[in-house]
Each structure stands twice: as structure tokens, then as C-alpha cells.
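**Q** Listed below are the residues making up each chain.
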Amino acid sequence: MAIEGTHIVQAAAFLGAGLSMGLGAIGPGVGEGLAAAKACEAIGKNPVEAGLLTRTMLVGQAVSESTGIYALVIALLLLFVV
Amino acid sequence: MEELGRIHQLIIPFFGHNMTFNLEVIVMTWIVFIMILAFGFFAAKNRRIIPGPVQIMGELFVNQLYGLTEDAMDKELGQKYGPLICALFLFLLLSNWAGLLPFMEEPTKDLNTPLSMGLMGFFIAHYAGIRAKGFKGYIKEYFEPIFFMMPLNLIGELAKVVSISFRLFGNIMGGSIIIMVVSHLTYSVLLPPFLNAFFTIFVGTIQAFVFTMLTIVYIAVQVK
Amino acid sequence: MTDDIQVWVKVAAFIGGGMAMGFGAIGAAIGEGYTAAKANEAIARSPQISGDLFKTMLLGQAIAETASIFALIIAMLLLFADFSNVSTLTISIFLSSGLCMGLGAIGSGIGSGLPTGEACTGIVRQPGMKNRITTIMLAGSAIAQSPAIFALVTSLILLFVDFTGRPVSPTWAAIIGAGFASGLGAIGSGIGEGLVAKSGCEGIARQPLAATRTTNVMLLGMAVTETTAIYGLLIACILIFKSFPAAESIASSMALLGAGLCMGIGAIGPGIGEGFTAQSAVKWISRSESSTAQLTRSMLVGQAVAESTGIYALVISLVLIFVI
Chain A
1 MAIEGTHIVQ AAAFLGAGLS MGLGAIGPGV GEGLAAAKAC EAIGKNPVEA
51 GLLTRTMLVG QAVSESTGIY ALVIALLLLF VV
Chain B
1 MEELGRIHQL IIPFFGHNMT FNLEVIVMTW IVFIMILAFG FFAAKNRRII
51 PGPVQIMGEL FVNQLYGLTE DAMDKELGQK YGPLICALFL FLLLSNWAGL
101 LPFMEEPTKD LNTPLSMGLM GFFIAHYAGI RAKGFKGYIK EYFEPIFFMM
151 PLNLIGELAK VVSISFRLFG NIMGGSIIIM VVSHLTYSVL LPPFLNAFFT
201 IFVGTIQAFV FTMLTIVYIA VQVK
Chain C
1 MTDDIQVWVK VAAFIGGGMA MGFGAIGAAI GEGYTAAKAN EAIARSPQIS
51 GDLFKTMLLG QAIAETASIF ALIIAMLLLF ADFSNVSTLT ISIFLSSGLC
101 MGLGAIGSGI GSGLPTGEAC TGIVRQPGMK NRITTIMLAG SAIAQSPAIF
151 ALVTSLILLF VDFTGRPVSP TWAAIIGAGF ASGLGAIGSG IGEGLVAKSG
201 CEGIARQPLA ATRTTNVMLL GMAVTETTAI YGLLIACILI FKSFPAAESI
251 ASSMALLGAG LCMGIGAIGP GIGEGFTAQS AVKWISRSES STAQLTRSML
301 VGQAVAESTG IYALVISLVL IFVI
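Residue numbers (the working numbering), protein chains in the order written: chain A, 1 to 82; chain B, 1 to 224; chain C, 1 to 324.
Check the hints yourself; a few may be wrong.
[Unchecked claim] When the alpha-carbon atoms are kept at most 30 Å apart in a straight line, the in silico DSBU-like pairs for lysine-lysine are as follows:
1. Lys242(C) x Lys10(C)
2. Lys133(B) x Lys80(B)
3. Lys75(B) x Lys140(B)
4. Lys224(B) x Lys136(B)
5. Lys75(B) x Lys133(B)
6. Lys45(A) x Lys224(B)
7. Lys75(B) x Lys38(A)
8. Lys224(B) x Lys38(A)
9. Lys45(A) x Lys130(C)
10. Lys80(B) x Lys224(B)
11. Lys45(A) x Lys75(B)
12. Lys80(B) x Lys140(B)
13. Lys136(B) x Lys80(B)
[Said to hold, decoys possible] Derived DEER-like restraints, expressed as beta-carbon distance ranges:
14. Glu141(B) x Ile74(A): 23 to 33 Å
15. Ala38(B) x Leu79(C): 55 to 65 Å
16. Gly52(B) x Leu209(C): 33 to 43 Å
17. Thr56(A) x Lys136(B): 18 to 28 Å
18. Leu79(C) x Phe61(B): 55 to 65 Å
19. Phe135(B) x Val161(C): 56 to 66 Å
20. Ile74(A) x Glu144(B): 20 to 30 Å
21. Ser116(B) x Lys45(A): 32 to 42 Å
22. Ser87(C) x Phe15(B): 43 to 53 Å
23. Met76(C) x Phe202(B): 32 to 42 Å
24. Lys242(C) x Leu37(B): 33 to 43 Å
[Said to hold, decoys possible] Which chain C residues stay away from chain A? Per the calculated CB distances, all over 12 Å, these:
25. Val7
26. Val11
27. Gly22
28. Lys55
29. Ile73
30. Val86
31. Ala139
32. Ile157
33. Phe163
34. Ala211
35. Asn216
I should point out that these hints are in silico values taken from the structure, not numbers from a laboratory. For every residue, glycine included, the Cβ atom is placed at its ideal position computed from N, Cα and C.
Isolated chain A, as found in the complex (with noise of 0.2 Å):
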């Protein structure tokens, strides 16, 4: 079995695309979760301001999520044009 560079090379980009997709995902999901954590405390002390709490929330999570976003981003590029 010869292995030849190109291989190598598309190996790696495979490879690298999962581990970035999966250690991209620790730190958004930890952080929205606190996100989420936080509202539903907010919401446990301010009942009838639920709805504005929720969308305040939601915002904050897109927010952080996006290093997440970039990950995929990353990934996907990795998969489909390198």
C-alpha cells in the first residue's frame, strides 16, 4: 500500500475537520447553557417578564454561539474546498 501525499494531505483535513467541529462545540455549548441557566433564573424571580427574558436570552445564546458557528464554518471547508 503505497501512501502518497495527497492522501496524507486529505487525511489530515478530515481529520482535522471533525476534531474542530468537536472541540469547537465544548465552549459554545457550556456557554449557552450558562446563558440559559442564568434566564431561567432571572424568570424564577421575574415571572411575568418571561417572554422579554426568553428573547433576551435567545440573543445572547446566537451570540455565543458563534465560535461555534465558525467551527462549522472551518469544517465544512475543510470537507468540501481544501
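Use these hints to put chains B and C onto chain A, whose structure you have.
**A** Just chains B and C now, kept in the frame of chain A:
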């Protein structure tokens, strides 16, 4: 285990392209439609002050979902989007439960169904956003906080469609594959009913609810 | 040459057994230590019920120990496996099985120690609710074990499914990837479910009147927290049972290994995050029972969004398996 990932397909040539249809999903979707229509018909047939059992179910259901929608948006928009939300939830619920019946498959097990529901929610949310804020205000949102964040905001919006549809697809397909593998390994003794109860009824209900809630909230975020 | 393979299979089995028990001991030790610390604190506060507290502590520690007992079983199976009929694939099967169980026991070990510690504190606070708190504690710790059970199932499937006739080249990577997906994927959910059960015990001790609602939301939150571990199990099942065509190039092997690693690592963060969310929701339901509906709704939406990065990992894994 050969049936993993195999589907019955109908391939129709169309101007040089092969259009592939998943027959199982189409038939099952129609069966779910018929079930929803029958439920609606019987719930609304003999409307009385003292309601019958089916009417009570229908009223409870509609009241709850209208309440959810009005909580997230406001009274007027809630009335507008309520019917859509009711239909979406009922369709997803019955689709997720369809696997319980013998010879039936969940339509949501095929990625196309959740993806089309997700795209529908996406387009409705953005239409509602344009209606509420005007086209200029809607476009301006993408250039917040700084102008060069635009591509990332755009990808963020598209990623919502991916996450909402793959969440439903992953849970339902994952449940059915795990049920299949475990049933195969234990020769279908003892375990499958409990697995079905957990993955189909419990997880199916929660995922249908989560999908509906997220659609409501995405519309509400666009409108505000 | 057959002797050579046998040597390597033995090496793999012993390394796998070592990793199963070595990694598998981490979680349970931390969890049981936490429980004992909390129990000591509780006994110092009210020494007159030290007998009850001692019993609760031992009961909880026995459950937290289950995860590492699973690891012990797999380690024993690997050490005394049948080495007479082996092939090259057996090397990766033994390594992967050990890794899967070892890593999978970490989260559940830590997770199921948490509710017991909180139950000891709770019994001091509300000695009258002792039975109720113990029941919830047992249920919570037992459910927090389920990610470890997923890992155990994957390890056993790996050991007992017949892989003969599969091409060596991509299958070895699929097997190792399956171990990583199920094993690493169990860590986050195990810890997360432990956090939820912990606040369930605390909430019932603080507000016994809200016990039913707290229990219901706790179970709901735990079930949702478990989804990422189920994704890991799903990818592991696909990697094990799908038969891949033989491929000489190293790229297709790395794609399968990457798929397993991606789902496994990607499930850790969302699992813990969803646990935080449900923990806070359960905590506040016991304090303001009237807003249960709003809290449950926000909890579900928050968990669903926190899970989205885990879903991106699932998407990338599925692309690596089916598209590449």
C-alpha cells in the same frame, strides 16, 4: 443490519435529471395528513356547549398552543400565527408517533421532512420580520454591531435552520436506529416496548414541542 | 505471522483493559469523594442523625460506584479474552472497547455523586422528608448512570459482534471512532444529569410542598440532557453496523475516525451546558412554584439552543460517514 440507511425510492427522469422520491415518507406523510384531518373533522363536527370527548381534546389543544404563541409574541400576532403553530405541532407530534404502529415509519426520520419544516419556519419568520420592521430595518439588523459582521450574521441565521431540522431528524432517526439495533441484539425480547415508550412517545413529544417553540420564538425575535 | 498478530492482540487487550479501569476510576472516585465530604459536613451540623446520614451516604456511593464496576467488568473481559481466534481487526476492537468504557464512566461517576451529597445536606435541613429525598436521590443517581450504560452497551457490542469478512482498512478506524463517539459523548451528559439531580434533591429539601413538580421537571430536564449522549451512541451504532467498502487510501479511514472523535468531543460541552440550564430551572421551580410553566418552557428552549453546537458536530460526523 443491512436495512440501515436503505430506503424505497421512486426515480422519475425529468429533463435529464433523475428526481428521487422517498415513497415511504410520502405515503406516511399522507397518512398523517388524513389522521389530522379526521381529528379536526370529529372535533368540530358536533360543537356543543357541553362538549364531547374529542371536542374537549381539540379545545384544550388549541387553547394551549394559542396561549403559548400569544405569550411569546403579542395578542394580535398570536391570533395570526396561532393556526400555523397548531398545525405544525399536530403534524410533528403525529409524525413522531407514527413509528409506534406496525408497518409504519416516522416521516420525520427522513431529513427532507424536518428540513422543509425548518425552511418553512425560516421563511415565515423572515417574512414576518420584513413586514414588522420594513425592508430597510430588516436589512440593517444584519450589519449590527459592525458592518463586517454581515457574513457571520447571515451564516448564523442559516445555521438556525440546520440546527432546528437536524435536532428533530437526529433524535427521531437516532431513536429508531437504537431501537432496531437493540431489538436485533436481544432477539426482540422484553426491551423494545420500553425503548419505544422512551424514544417514540417521550422524546418524540418533547422534540415536537421544542421544534414548535423554537419556530414561535424565531418569529417573535424577528418581529420585535 | 499469526503469532505476531496474537502478540499484538494481547498487547491491545491489556492496554485496553488498563485504560478501561484507569479512566473508569476517575469519575467514581471524584463523585464518591464529593458525597463523603458533604456527608461529613452534614454530620457536623447535626450529629444526632448521623446514622441516617451514614446510611444515605453509603447508598449513594454504592450507586456512584456502578460506573466503575462496569469498567471493571470490561477490563476483566479484556484481560481474560479468548486469544485463540483473532485477526488484525481484533486489535482495534479491544483497544476501542476499553477506551469507550473507560471514558464513558468518567461523567456518570462524577454525576451520580452530586445528588447524594446534596441529599445529605437536604436531610439535615428537613429530617422529616428523609424518605422522599432518598427516593429522588436514588432515581437521580440511577438516571445519571445511563450515559455509562450507553458506553457499556457499545463496549459489549464491539466485543461480541462478528466482524469477520469486513475489510481491515477503513473498518479499524470505524471501530476506534465508535469507541470515542460513545465514550467521550457520555462524559458531558453524565455530569450534566448529575447537576440536574443535585438541584432536584436540594429543591425538595428546601420546599417539600413543590416536590411533585420539582421531580417532574427534574426528570424532563435529565431526559433532554441525555440527548447528546444518545447522539454519541447513534454515531457509534452507525460506525459499527454499517459495512464500509474496502479502501486502500488512509483518507477514508481518517474520515471515519474523525467522525467518531467529532461527535464524541462535540457532545461534552452541550451536555454540561444543558445540565446547567436544567439545574437552574429546577432550582427556581422549587422557589417559585407558580411560574413552573414559564420556567419549563424557557428551560426547553434554552437547552435546545445550547444543544445546537452538538447538532453541528452530528452533522459533520454524518457528512464524514455518508458523503465523504
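**Q** All hints, please: hold or fail.
**A** So, going through the hints one by one against the coordinates:
Simply put, Lys242(C) and Lys10(C) have alpha-carbon atoms about 27 Å apart, close enough for the 30 Å limit, and the pair holds. Among the hinted pairs, Lys133(B) with Lys80(B) is consistent with the structure: their alpha-carbon atoms are about 17 Å apart, no more than 30 Å. Proximity of Lys75(B) to Lys140(B) is assessed by CA-CA distance (about 27 Å); at most 30 Å being required, the pair is judged to hold. Between Lys224(B) and Lys136(B) the alpha-carbon distance is near 15 Å, which keeps this suggested pair within the 30 Å criterion.
Our distance criterion of 30 Å between C-alpha atoms is met by Lys75(B) and Lys133(B), whose separation comes to about 18 Å. Only pairs whose Cα atoms come within 30 Å are accepted, and Lys45(A) paired with Lys224(B) is accepted, the gap being roughly 23 Å. At most 30 Å may separate the alpha-carbon atoms for a hinted pair to count; Lys75(B) and Lys38(A) meet this at roughly 27 Å. At roughly 22 Å between alpha-carbon atoms, Lys224(B) and Lys38(A) fall within 30 Å of each other, so this suggested pair holds.
About 28 Å separates the Cα atoms of Lys45(A) and Lys130(C), which keeps this hinted pair within 30 Å; it holds. For the given pair, Lys80(B) sits about 15 Å from Lys224(B) by alpha-carbon distance, which is consistent with the 30 Å threshold. Distance check on the hinted pair: Lys45(A) and Lys75(B) sit about 24 Å apart at the alpha-carbon level, within 30 Å; holds. The suggested pairing of Lys80(B) with Lys140(B) holds, with an alpha-carbon distance near 26 Å, which does not exceed 30 Å.
A hinted pair counts as satisfied when its Cα atoms are at most 30 Å apart, and Lys136(B) with Lys80(B) qualifies at roughly 24 Å. With their beta carbons about 25 Å apart, Glu141(B) and Ile74(A) fall inside the hinted range of 23 to 33 Å. Checked against the hint of 55 to 65 Å, the C-beta distance between Ala38(B) and Leu79(C) comes to roughly 60 Å, which is consistent with it. Take Gly52(B) and Leu209(C): their Cβ atoms lie about 36 Å apart, and the range 33 to 43 Å holds.
Between Thr56(A) and Lys136(B) the CB atoms are about 24 Å apart, so this pair conforms to the stated range of 18 to 28 Å. Taking 55 to 65 Å as the suggested C-beta distance range, the pair Leu79(C) and Phe61(B) conforms, at roughly 57 Å. In this structure the hint that Phe135(B) and Val161(C) lie 56 to 66 Å apart at CB holds, the actual value being about 58 Å. A C-beta distance of roughly 24 Å is found between Ile74(A) and Glu144(B), which places it inside the suggested range of 20 to 30 Å.
For the pair Ser116(B) and Lys45(A), the supplied restraint of 32 to 42 Å holds, since their beta-carbon distance comes to about 40 Å. The hinted window of 43 to 53 Å between Ser87(C) and Phe15(B) holds, with their beta carbons roughly 50 Å apart. The given range of 32 to 42 Å is respected by Met76(C) and Phe202(B), whose C-beta atoms sit roughly 34 Å from each other. Look at Lys242(C) against Leu37(B): about 38 Å separates their beta carbons, and that is inside 33 to 43 Å.
For Val7(C), the condition that its CB be more than 12 Å from all CB atoms of chain A holds, with the nearest at approximately 22 Å. Residue-level check passed: Val11(C) sits 22 Å from the nearest beta carbon of chain A, beyond 12 Å. In this structure Gly22(C) is separated from chain A by more than 12 Å, as the shortest Cβ-Cβ distance comes to about 22 Å. Lys55(C), annotated as away from the interface, keeps every beta carbon of chain A farther than 12 Å; the closest lies near 32 Å.
The claim that Ile73(C) lies off the interface holds: its Cβ sits roughly 28 Å from the closest Cβ of chain A, which is beyond the 12 Å cut-off. Residue placement check: Val86(C) keeps its beta carbon more than 12 Å from all beta carbons of chain A (closest about 22 Å). With a least beta-carbon separation of about 22 Å from chain A, Ala139(C) lies farther than 12 Å from that chain, consistent with its non-interface assignment. Ile157(C), annotated as away from the interface, keeps every beta carbon of chain A farther than 12 Å; the closest lies near 22 Å.
Every beta carbon of chain A lies more than 12 Å from that of Phe163(C), the smallest distance being close to 20 Å; the non-interface claim holds. Consistency note on Ala211(C): stated as away from chain A, and its beta-carbon is indeed over 12 Å from all of that chain's, at 17 Å minimum. Non-interface status of Asn216(C) relative to chain A is upheld: no Cβ of that chain comes within 12 Å, the nearest being about 16 Å off.
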